[in-house]
Amino acid sequence: MKTTSSKILLTTIMTSIMVLLQISPAMAIVKPSNADACTHITTLQSTNEAEMATHIAIMQTNFATRLAKITTDQAAVDQKVATARVNAHNQFEEKIKSMESQTGLTDTQKQAIETYKTDMNQAETTRETAIDKARTTYRTNLSNSALANQRTLTNAVNVYKTAVQSAFATASTNCGDGTALTTLKASIKTARETLTTTRTATKTTNEIKQYTTTRNDAIKAANKVFTDSVAQYTTTLTSALKRIPR
Amino acid sequence: MNPNNFNDQEKPVPPTEALDTEPKGIEPNTSTGQSGQYVQPQTTTQFSKKSNKKLFVIIGIIVAVFIVALAGYFVYSYYNPTAKTTGTKETSSAKTTTINEKDRNPTVTAASAILTDNVTGESVLTNTNDTSVASDVSSAAGNVGDSINENNF
Chain A
1 MKTTSSKILL TTIMTSIMVL LQISPAMAIV KPSNADACTH ITTLQSTNEA
51 EMATHIAIMQ TNFATRLAKI TTDQAAVDQK VATARVNAHN QFEEKIKSME
101 SQTGLTDTQK QAIETYKTDM NQAETTRETA IDKARTTYRT NLSNSALANQ
151 RTLTNAVNVY KTAVQSAFAT ASTNCGDGTA LTTLKASIKT ARETLTTTRT
201 ATKTTNEIKQ YTTTRNDAIK AANKVFTDSV AQYTTTLTSA LKRIPR
Chain B
1 MNPNNFNDQE KPVPPTEALD TEPKGIEPNT STGQSGQYVQ PQTTTQFSKK
51 SNKKLFVIIG IIVAVFIVAL AGYFVYSYYN PTAKTTGTKE TSSAKTTTIN
101 EKDRNPTVTA ASAILTDNVT GESVLTNTND TSVASDVSSA AGNVGDSINE
151 NNF
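Residue numbers (the working numbering), protein chains in the order written: chain A, 1 to 246; chain B, 1 to 153.
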């Protein structure tokens with residue numbers, strides 16, 4: 001009887017010891033890395049997702065700023081061009097009046113000046129129309145390209161963001177797993193590389209350069225036609241004014 | 001031929017040049033002396049001969065002057081295209097005003113230069129480079145990717 005009681009007591013003590021060992025700090029040393037990894041991953045998740053959100057917000061601000069800058073720059077150029085055209089037109093009119101006010105002009109010479117003025121104004125109007133058209137086309141293409149590019153980049157960033165969030169979620173779930181952190185790093189690296197690849201592939205710098213070349217060629221062609229016409233009209237009027245009555 | 005023979009049908013013949021110059025419709029005032037000797041006819045032809053020569057000279061001078069004037073006109077018309085092609089009547093003030101040609105052509109050139117110079121200035125203004133639109137946004141997107149550095153985990 002005594003022997004049985006001793007056995008029960010010994011078993012109870014041993015069980016108690018086993019239970020105590022399970023919940024004691026000494027027992028925690030058995031799996032210390034799992035707890036720290038989970039905490040670490042949780043910290044990384046909150047910090048990096050916040051950082052990512054900040055940069056996404058900065059990017060969206062940048063996109064809006066770039067579109068606004070296009071509009072602002074174009075308005076500034078339009079203003080300068082309009083001013084230059086008005087000034088040139090006014091100066092041209094003054095020269096015409098100066099020519100018309102010269103004494104000794106025959107009726108034929110006066111008519112030649114009037115014809116020159118009309119032809120020059122018509123040539124200038126034609127030139128301005130052609131140039132404005134080329135610039136408008138360029139701007140439309142530029143705006144469409146910029147918007148499309150921004151949409152593509154936004155989608156790419158959203159893919160990246162989703163991949164990162166998914167990677168952190170997976171790591172949090174598997175934080176007890178010794179490979180969770182390694183897997184997280186690999187996933188984030190892959191997500192970033194995918195974003196970089198998309199960015200590079202969708203970069204529209206060359207596309208915009210092509211629009212610029214097309215615009216500039218059109219402007220050069222219009223200017224060439226204009227300057228050729230001006231040379232012709234100038235020669236004609238000069239010849240007419242050389243016929244001086246004696 | 002015997003000039004005293006009245007029966008002779010042959011009559012004295014006046015000098016040929018006198019007859020040739022005899023105006024039509026004027027009856028020569030011929031007469032013969034009582035002796036029947038031929039008398040040089042006293043006609044107005046001799047007076048007209050001298051007058052005609054003078055007349056011919058005057059007419060010749062007039063014709064020559066006219067030809068010279070006509071030639072001068074053609075030469076003038078040839079070297080004065082304005083008058084030839086347009087026929088514009090110039091005002092008297094225009095004719096009398098001295099025109100300095102050098103003052104006009106530079107004005108034409110200057111007027112043309114105003115607009116052609118504006119072409120150059122406008123090209124500078126419109127020749128914008130907007131490739132930064134693409135590079136900027138691409139960089140902004142890249143910054144998002146760089147916001148997380150897994151090497152620091």
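Check each hint, because a few of them may be wrong.
Computed from the model, here is a short list of chain B residues facing chain A with C-beta under 7 angstroms [claimed, not checked]: (1) 121; (2) 130; (3) 143.
Hints were generated in silico from the structure; no laboratory data involved.
Using N, Cα and C, we set each Cβ at its ideal position, and we do this for glycine too.
Hints and how they fare:
1. 121: Holds: closest Cβ of chain A sits about 6 angstroms from residue 121 (chain B), inside 7 angstroms.
2. 130: Holds - the Cβ of residue 130 (chain B) comes within 7 angstroms of chain A, reaching about 6 angstroms at its closest.
3. 143: holds (5 angstroms)
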